[in-house]
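Dock the two chains into a complex; use the hints.
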Amino acid sequence: MKDDFINHIKPLLPNVEYCSFRFVSKYTNIISATRGVIEPVVISEDDGLMVTVYDNGGCGYGATSNLTKDGILKAVKTAKKWAKFSENKLTYMPDLSLLKKQSGSYFTDDEENWSKISTKDKADYLMSVNKSLKSQPTISNWGASIRYNKLETLFIDTNDSHVRQKISYLLPQMIVSAEYKKEIQTRTYGGHAHARQIGYDFIDSINMVEHAKLLAEEAVELSRAPNCFDKITDAVIAPDQMILQIHESIGHPLELDRILGDERNYAGSSFVTPDMFGSYKYGSDMLNVTFNPTLETELATYNFDDDGTNASKEYLIKDGVLMRPIGGLFSSQRTGLDYVACSRACNWNRPPIDRMGNINLEPGDYSFDDIIQSVDEGILLETNNSWSIDDKRNKFQFGCEKGTLIKNGKLSGIVKNPSYRGVTESFWNNLSKVGNRDTNRILGTSNCGKGEPNQTIFVGHSTPVCLFNDIDVFGGV
Amino acid sequence: MKSYFQKISDYLFNSLGSNEILILNFDAEQTDFVRFNHAKIRQAGNVNQATLTLSLVYKRKSLNSIIRLSLDYEKDTVLLLRTLYYLRREIPELPQDPYLMYERNLNSFDIETNNQSLDSFIITNSILEGCHSLDMVGILSTGRIMKGFSNSLGQFNWHESQSFNFDWSMYTDTGKAIKQNYSDQIWNQNTFSSLLEECKQKLNVIDNQEQTIKPGEYRVYLSPSALNEIVDMLSWGGFSYKANKIGSSPLHFMMKGEKKFNKIVSFTEDLTNGISPKFHSDGFIKPDTTELIINGEYKSSLISPRSALEYSVNHNAAEYYESPVSINLKEGAIENNDILKTLKDGIYISNLWYLNFSDLNNGRVTGLTRFGCFKVSNGEYQGPINTMRFDETVYNIFGDKLIGLTNNKQLLIDSSTYEERSTHSSSIPGAIVEDFKMTL
Numbered sequence: 000m001k002d003d004f005i006n007h008i009k010p011l012l013p014n015v016e017y018c019s020f021r022f023v024s025k026y027t028n029i030i031s032a033t034r035g036v037i038e039p040v041v042i043s044e045d046d047g048l049m050v051t052v053y054d055n056g057g058c059g060y061g062a063t064s065n066l067t068k069d070g071i072l073k074a075v076k077t078a079k080k081w082a083k084f085s086e087n088k089l090t091y092m093p094d095l096s097l098l099k100k101q102s103g104s105y106f107t108d109d110e111e112n113w114s115k116i117s118t119k120d121k122a123d124y125l126m127s128v129n130k131s132l133k134s135q136p137t138i139s140n141w142g143a144s145i146r147y148n149k150l151e152t153l154f155i156d157t158n159d160s161h162v163r164q165k166i167s168y169l170l171p172q173m174i175v176s177a178e179y180k181k182e183i184q185t186r187t188y189g190g191h192a193h194a195r196q197i198g199y200d201f202i203d204s205i206n207m208v209e210h211a212k213l214l215a216e217e218a219v220e221l222s223r224a225p226n227c228f229d230k231i232t233d234a235v236i237a238p239d240q241m242i243l244q245i246h247e248s249i250g251h252p253l254e255l256d257r258i259l260g261d262e263r264n265y266a267g268s269s270f271v272t273p274d275m276f277g278s279y280k281y282g283s284d285m286l287n288v289t290f291n292p293t294l295e296t297e298l299a300t301y302n303f304d305d306d307g308t309n310a311s312k313e314y315l316i317k318d319g320v321l322m323r324p325i326g327g328l329f330s331s332q333r334t335g336l337d338y339v340a341c342s343r344a345c346n347w348n349r350p351p352i353d354r355m356g357n358i359n360l361e362p363g364d365y366s367f368d369d370i371i372q373s374v375d376e377g378i379l380l381e382t383n384n385s386w387s388i389d390d391k392r393n394k395f396q397f398g399c400e401k402g403t404l405i406k407n408g409k410l411s412g413i414v415k416n417p418s419y420r421g422v423t424e425s426f427w428n429n430l431s432k433v434g435n436r437d438t439n440r441i442l443g444t445s446n447c448g449k450g451e452p453n454q455t456i457f458v459g460h461s462t463p464v465c466l467f468n469d470i471d472v473f474g475g476v
Numbered sequence: 000m001k002s003y004f005q006k007i008s009d010y011l012f013n014s015l016g017s018n019e020i021l022i023l024n025f026d027a028e029q030t031d032f033v034r035f036n037h038a039k040i041r042q043a044g045n046v047n048q049a050t051l052t053l054s055l056v057y058k059r060k061s062l063n064s065i066i067r068l069s070l071d072y073e074k075d076t077v078l079l080l081r082t083l084y085y086l087r088r089e090i091p092e093l094p095q096d097p098y099l100m101y102e103r104n105l106n107s108f109d110i111e112t113n114n115q116s117l118d119s120f121i122i123t124n125s126i127l128e129g130c131h132s133l134d135m136v137g138i139l140s141t142g143r144i145m146k147g148f149s150n151s152l153g154q155f156n157w158h159e160s161q162s163f164n165f166d167w168s169m170y171t172d173t174g175k176a177i178k179q180n181y182s183d184q185i186w187n188q189n190t191f192s193s194l195l196e197e198c199k200q201k202l203n204v205i206d207n208q209e210q211t212i213k214p215g216e217y218r219v220y221l222s223p224s225a226l227n228e229i230v231d232m233l234s235w236g237g238f239s240y241k242a243n244k245i246g247s248s249p250l251h252f253m254m255k256g257e258k259k260f261n262k263i264v265s266f267t268e269d270l271t272n273g274i275s276p277k278f279h280s281d282g283f284i285k286p287d288t289t290e291l292i293i294n295g296e297y298k299s300s301l302i303s304p305r306s307a308l309e310y311s312v313n314h315n316a317a318e319y320y321e322s323p324v325s326i327n328l329k330e331g332a333i334e335n336n337d338i339l340k341t342l343k344d345g346i347y348i349s350n351l352w353y354l355n356f357s358d359l360n361n362g363r364v365t366g367l368t369r370f371g372c373f374k375v376s377n378g379e380y381q382g383p384i385n386t387m388r389f390d391e392t393v394y395n396i397f398g399d400k401l402i403g404l405t406n407n408k409q410l411l412i413d414s415s416t417y418e419e420r421s422t423h424s425s426s427i428p429g430a431i432v433e434d435f436k437m438t439l
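Line by line, the protein sequences give chains A and B.
Just so we're aligned, residue 0 is where the first sequence starts under numbering that gives the first Met the number 0, counting upward by one.
Just so we're aligned, residue 0 is where the second sequence starts under numbering that gives the first Met the number 0, counting upward by one.
Chain B on its own, in the form it takes in the complex (with noise of 0.2 angstroms):
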């Protein structure tokens, strides 16, 4: 696919006039999807799939052109062809673009990660045969992913992967769930074996009797991937410049230095894992880390160039929509051992789901509790609880009612699957949060 992705860039670098500078990004995906319901296969295929965004520029003016590739030369040469005519005839009529910015420097590179080659058969029979008796609802994404940059100055990036996600959940006859994700390089059978275990012990534990909470303050232990989704939702304009400047963060008052959060609380963009690509859609070179709250302080934003020109700032990098792609929360000092006995008396979040505003400029969260979510007592399992809508503040969250941060961080793997599989990843601990309301 590199070699197909440097054949048509130089076919469209070779028909560019003079003071024409072409910016082209390769997106593809080779995926096998499978989809699972009562541990049988519901929907089962293959998607093939590859797309080229041609962005023209000529005398400041630029013009963008997202066109599906069907991987055949001589068919994508006319259309990528006639489509660079249109762009041509169309840019005189835009105005200048004040904000726009390319990378003129050079800094070529492709990375690629493991070339062994994934079974979806061989998976899928696997996870078959190990959810046989189980009421497992789940997706399997398996294959390959391709990310091209190039540019007509000469600069050429790739990155490609192979990769499973494997995202699902068990359910008891009572409607009780546990969730659980692997997502890897490689397919380690013990490994998955294992977290079939997990997710039977912890089966047996959730099957227990219901133990109704009602709304009020409680104790709460947010597991990762509950952590997780508040941290989501930080980056719905937390960490971007622009939502700061115009208002549009839950932290604007954070960056203005009118609020902090716990000391022990840093945030990071770290692309050192190599699940993203490091090349922006303009050919800029992303820093391997972004500091963004350290001990508690809003240190910087992710900006995009756009932004940089927008606001008189230096940019870093970062994409237009200024979210974190590879977001990492520092661990704390609880032992994972001692999670329950910190705990003592509240309630073991596993998961959280459907969260929004419900008071963006001042960061308050909505959202409900979902799969695994047990009360503890004298840090002891009690039952699982029924679902129960929490609103709060992630002032509180991170701020002053955070008890502490594991000393374990996990990397979760993003499984969404939006137009294409998602490269995005966090590493995050689990947080102890005292009164935390729940509403409903």
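In isolation and in its complexed conformation, chain A is listed as follows (with noise of 0.2 angstroms):
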């Protein structure tokens, strides 16, 4: 993004009480090979501009893809019209003279390495892992992709804010599929949660080739292994489910504009209130959750949310206790809370609203050993596969792709089809043993999706292994 388009757009900002210019670059590049063969290369650009005007008690925005000067007049005079139109009838107004000039930027530190690797390089690479997941004659299906976005930003404002940013991450993911007896098992590469802002080294890192070959032998073994349990137990739950389990059962009931009704008619409320803030004990007390846009590499980490907002890590959670929601800066304002930058946009064609960054549950002091040494019956639960829970983020449901049984302190065979279920209000009380930072992996999924108009946006979960007891196992059918 060059100066001189800076110095085109700015000339453009309207005399209003406050207008903001968003300008967002996005570029994708989706290699797949699936079953041998190399799938149509997806090579995607992605350039628009949202103008928001708020105006005499009123609010508008105009999104448009055309960056000629007449293209952004037009989507101005747009974003005027419906300020004026919502003059006092707006759910809220915000108090915009807290909004205050930010400048400053955040570049993900990639080293620019994703274009220097050739797609031949990358597609033939592909290749080889599809050879190792086919590594079995029972394999019924079996694919891997890397997938790469760029995601450049560019905020202006009438308070003379001037906020660059861009964020690149990569998703390699595997697929693999077993069958017996007519039944199929899947493993994949951490249910698709492996996003990471990390250069193209990450993938020689993770060495997907034998990856591969362990995750065809687990999908085998799982499609011979019996049907898991029906009985209330130990559950010792690893990174790759907590990452889901934190996300729809803690970052979404804290999501402030849930907690305010917003999001009632479609991705639902919250069973948090605003009068929880301090006193209400959401965990037990080593349930410690941060809202930290400052952990290198994680999915969401940046410097400046959506509206500009200065971003810093803030406990949500310290000690079992709640201590502030998931609410940006015009949030707050409705409630009184404190705000954390969390106000953001899938994209230039869609408004910021709030939503999680980085939710991190913080590495607690048991290893892995002392977690399942301490277990004389349960369960250890792997990947996510499989994800419900009610409007208000209370009842939920989760399935895995695979269950080990841990019998007397040890690892004691495979189960297919595990599931749980469970209360968010009970479920994090029972959390009795938080993994130390050896066991601590930072995952994120770049699909999370919310809001009207809907939006899918990238998060980060960083967390460890954690132990909870009294769990409601369950298996198939």
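By construction, these hints were calculated from the structure, which means they are not laboratory data.
Any given hint might turn out to be false.
With a Cα cut of at most 16 angstroms, we get these calculated EDC-like pairs of lysine to aspartate or glutamate [unchecked claim]:
#, chain 1, residue 1, chain 2, residue 2
1, A, K180, B, E257
2, B, K39, B, D134
3, B, K74, A, D45
4, A, K119, B, D71
5, A, K68, B, E418
6, A, K181, A, E220
7, B, K74, A, D69
8, A, K406, A, D375
9, B, K39, A, E86
10, B, K255, A, E178
11, A, K181, B, E257
12, A, K73, B, D71
13, B, K343, B, E379
14, A, K88, B, E128
15, A, K119, B, E89
16, A, K133, A, E209
17, A, K230, A, D471
18, B, K259, B, D287
19, A, K25, B, E418
20, A, K119, B, E92
21, B, K60, A, E38
22, B, K244, A, E178
23, B, K74, A, E44
Owing to the predicted nature of the structure, the values given are computational and were not obtained by experimental measurement.
Right, here's the structure in full:
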């Protein structure tokens, strides 16, 4: 994004109480190999601008991919028209005096090395991963892909703010299914949750070719494994399942726009109410959860949100007590609660709303072996494959790809179709051990859906292995 | 917009070299979005977007690029020519695609429905006035959707329509809610007013004492919206030829002939309502109807051209994701007025929410009740229920446990707006099912 573009658009900011221009340039490249064939390669380029106007008690936006002077002026006119129409008809009008000039930047440290590797080399690599996945005769489906996303944003406003950010991330994926007696069992690489702000070296470091062989063996083993038992038991939950548990039953219920009812027609509300912050015991004393946009390589690390608010690490839950919601500067004005820099939009054509960024469960003191050895009877649950939770983010049910039985402190045999269900309000109080930094994994998902109009956005979750007592675990039909 | 697409198509086709084939798909919308909360405007604005997907084919290889257009001809032609050069430079590096198939016959047509303009400001005012004393939350999407196809062999297709979709919920002070949707091509104030009136009446009933439901098996009525959520789950691979072959379909046992639905169940992909375009992204023309499940037995799948080549079968112009875009479930015999009488003792479920598979192999689905669900005793409403989780197989819901389907279907137009406004729809009756498992 060059200075001449900024010089070109800055004079177009209108003379209103407040206006911002949020320019987004999005590049996506997906290379996939499925069942031994390279699929059509996807390359996507998407540039556009959202104009937001606050004026005289009204607010409106105009979003356009026409970045000529005429196109931008037309978007300004549209935003002003909606601002005029919505005067005194808004759910709330923010206090614009709280908006201050912001300047700064953020760039993912990925050394721009995606483009240095040719499409052919990436395709060849994925074909070799495919060979490893199809390493057993009963494998019925297999595939691997790498997705690269680059998102550049420029934010300027009538307060003379000027924020530039460039976030790029990689999402490597593998899937392998094995068939036995007409039943299919599938293993994936981390439930598609390994998205990171990281360079292409990451692909080498995770050695997909070798990992693929292990996944294939596990899929075959699972296809011949017994169904999971049905009982209340101890559950050790691995990071690639914890990510969903945190996401659905901590991240979403703490989103302030849900608490304030904005999402009641679609994504749902929350069992959390504004009066609970500062006193409500969300979980056991071991539960510490942060909004952390500062963790290097995590998916939603940034310095500013899409309303230009400066980002910092904050505790959402401290020693089990609920501290603050995931609400941006504008939302926080509706309740008087503290804010975090979480007002985010998936692209130039959608307005910012309260979103998770990086929502992390902070590591504890226990090694993986300590945790397993402490369990007389239970199950280790790995890799999410099914998720469902009620509209207040309370009654949940999650399925995992793989369950490993624990007996007398030792891992002993795998089971298929393990699932568990519970209620958020009681579940986190059953957290009895939190793994140490060695068990911690930085993970992220690129497709969190929410909002009207709908938006999918990338969010990060860093989490260790955790032990929960008295969990309702069950198997398949 | 059609002439713009034609103009850039001609420009690009004139820039092709020998042995190159170019396939273009155009997607555009001009949409006003008004988001509401507490019967006031939460966010409002306009999105004007257009996208062109270029697929260059050369020596049985293909490479795609998706480009957001500015709709400024000078700017776009520079960008598109640069993209074409890039595709041309990269394509020799790629292996041949054994599953590459595109239409070689020419089937040009265009469909443009309703040129009457919709005024979002008038509609929004009408909504605000109608709901001013109520706790309404929802989204209004209004405007034009345009889809186009062209290829350098000479085919050109166009599908354009203008419509609105108002999807909303009304809440009581106690947090109970009724959900409604009004979507069409022309705003009819009388229709909207009667929907609002119906909503107000339901709100009075739903505000009664909550009836606590415990885990167990219940006789239930699933409204068309609720049943549509379960049909959506079937669409996650259930009707896909490829998903059935690789085993990721919830209906793979059914496709293999090992399981059946009740004989009254017949599913058809039916494009005759004209909401979705009839042309495929590689130029094939989709049939008006495709029989999927007839009289409880698996009849045929949706088969994309790629699957056709992979598995040596004929395709039926399904898109590559092989899911229905306009599914139709044949109506049954239960009169609408007899729903409560037929249900007798059980739960009237207006909406289901957040469904997912709890055992994909066996078609078992979990999810939750949401919006306007009631306990019914002896054919009478008793009051709203607490949110309940269900966990049940589609073989029970559409099989032995299915008591009947209503004789009225509801057209449900998808209000989804991820990336762009959806052109999907479904036509579904209600269903009465016994022994429906509630688990939490």
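Evaluated hints:
1. A:K180 / B:E257: holds (13 angstroms)
2. B:K39 / B:D134: holds (9 angstroms)
3. B:K74 / A:D45: holds (14 angstroms)
4. A:K119 / B:D71: violated (34 angstroms)
5. A:K68 / B:E418: Answer violated: K68 of chain A to E418 of chain B is near 25 angstroms, above 16 angstroms.
6. A:K181 / A:E220: Holds - the C-alpha atoms of E220 of chain A and K181 of chain A are around 14 angstroms apart, at most 16 angstroms.
7. B:K74 / A:D69: holds (13 angstroms)
8. A:K406 / A:D375: Holds, at roughly 5 angstroms.
9. B:K39 / A:E86: holds (11 angstroms)
10. B:K255 / A:E178: Holds: K255 of chain B and E178 of chain A sit about 14 angstroms apart, inside 16 angstroms.
11. A:K181 / B:E257: holds (11 angstroms)
12. A:K73 / B:D71: holds (13 angstroms)
13. B:K343 / B:E379: Roughly 8 angstroms separates the two Cα atoms, so the pair holds.
14. A:K88 / B:E128: With Cα atoms ~11 angstroms apart, K88 of chain A and E128 of chain B stay inside 16 angstroms; holds.
15. A:K119 / B:E89: Holds: K119 of chain A and E89 of chain B sit about 9 angstroms apart, inside 16 angstroms.
16. A:K133 / A:E209: Judged against 16 angstroms, a Cα distance of about 12 angstroms means the pair holds.
17. A:K230 / A:D471: holds (6 angstroms)
18. B:K259 / B:D287: violated (25 angstroms)
19. A:K25 / B:E418: holds (13 angstroms)
20. A:K119 / B:E92: holds (6 angstroms)
21. B:K60 / A:E38: Holds, at about 10 angstroms.
22. B:K244 / A:E178: holds (11 angstroms)
23. B:K74 / A:E44: holds (14 angstroms)
Of the hints listed earlier, those the structure fails to meet are numbers 4, 5, 18, in rising order.
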